[in-house]
Amino acid sequence: MYHDKPSPQVSDKKITLMVRGAAKEDAKRPKGCSKPAVMIPDLIKLVAELAEGPEEHITIMDLVVVAFWGMARLGELVCTKRTTMSCAGLTVRNVAFSRNGETATLTLRNAKTAALGELQYIHVCQLNHMLCPVLALQRRCATKTLESALFSFRTASATNNLTRYLVTSTIGKVWTSIRRPELSGHSFRAGGASLRNALGISISNICVLGRCKSKSYLLYLRPYNLGQTTEAVKLLKALKDSWNETD
204 MYHDKPSPQV SDKKITLMVR GAAKEDAKRP KGCSKPAVMI PDLIKLVAEL AEGPEEHITI
264 MDLVVVAFWG MARLGELVCT KRTTMSCAGL TVRNVAFSRN GETATLTLRN AKTAALGELQ
324 YIHVCQLNHM LCPVLALQRR CATKTLESAL FSFRTASATN NLTRYLVTST IGKVWTSIRR
384 PELSGHSFRA GGASLRNALG ISISNICVLG RCKSKSYLLY LRPYNLGQTT EAVKLLKALK
444 DSWNETD
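Going by the working numbering, the letters in the sequence shown line up with residues 204 to 450, in that order.
Keep in mind the hints are simulated off the structure, nothing from the lab.
This structure is a prediction, so every number in the text was calculated from the model and none was measured.
Possibly wrong hints are sitting among the right ones.
Stated by the list, open to error - Quick list of the computed label-pair ranges, beta carbon to beta carbon:
#, residue 1, residue 2, range
1, Glu350, Pro426, 34 to 44 Å
2, Arg382, Pro426, 37 to 47 Å
3, Asn428, Pro257, 32 to 42 Å
Unchecked claim - Capping the alpha-carbon separation at 30 Å, the derived lysine-lysine pairs in DSS-like fashion look like this:
#, residue 1, residue 2
4, Lys238, Lys248
5, Lys443, Lys416
6, Lys238, Lys437
7, Lys437, Lys284
8, Lys416, Lys347
9, Lys440, Lys248
10, Lys347, Lys238
11, Lys284, Lys443
12, Lys437, Lys347
13, Lys443, Lys248
Here a beta-carbon is modelled for each residue, glycine too, at the ideal position from N, C-alpha and C.
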């Protein structure tokens, strides 16, 4: 109910206490109740499935890639209404690419944790494989005007914006088909943070990239064991090698 409204200002001390309180509550629950993270095998399967679908699915594919690497909340990327000329979400104007095309920045005007009038930014880097977030953003911007919803698609009769419900209902079917029904929209943010943590990226960098306040990053980190980390590294290398072969 609060996905489209900025959160009220809360001090770091209060956030820390909230996180600790949430951790205590989690400890009382049975193991496995916390929402899991999307891992690289999950993301590959999801993207492969969406890539075979209509333009709507291609748009969702680009969105989830950006959400994963940008550690974004789905509600920050989508629109509140499916069909409207005035988009309350991200527009093409909110995307800026570096001159060399290796990085992209999204400007969020209504981030969930932003203070009134505060801008937040999502930064993503070019990756030489099919899960590249910069390439996903380039596809979204290629055929749209500056005021168009960034994550929108055309049908024969109209332009349709992605909404949170449309995205979660579509990817939910894929999660069920690959026997990962426990994954949710929250799992992309957790997935991007958890992978970086497993690969040795510092907590301070994760907090900056994920726009985490104080100890709130603890809400998104999920443990990777050695086997899962090794698998992720191997899969990303295989994707890169395959991508280079097609150049």
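Hints that the structure is at odds with (numbers, increasing): 2, 5, 7, 8, 10, 11, 12
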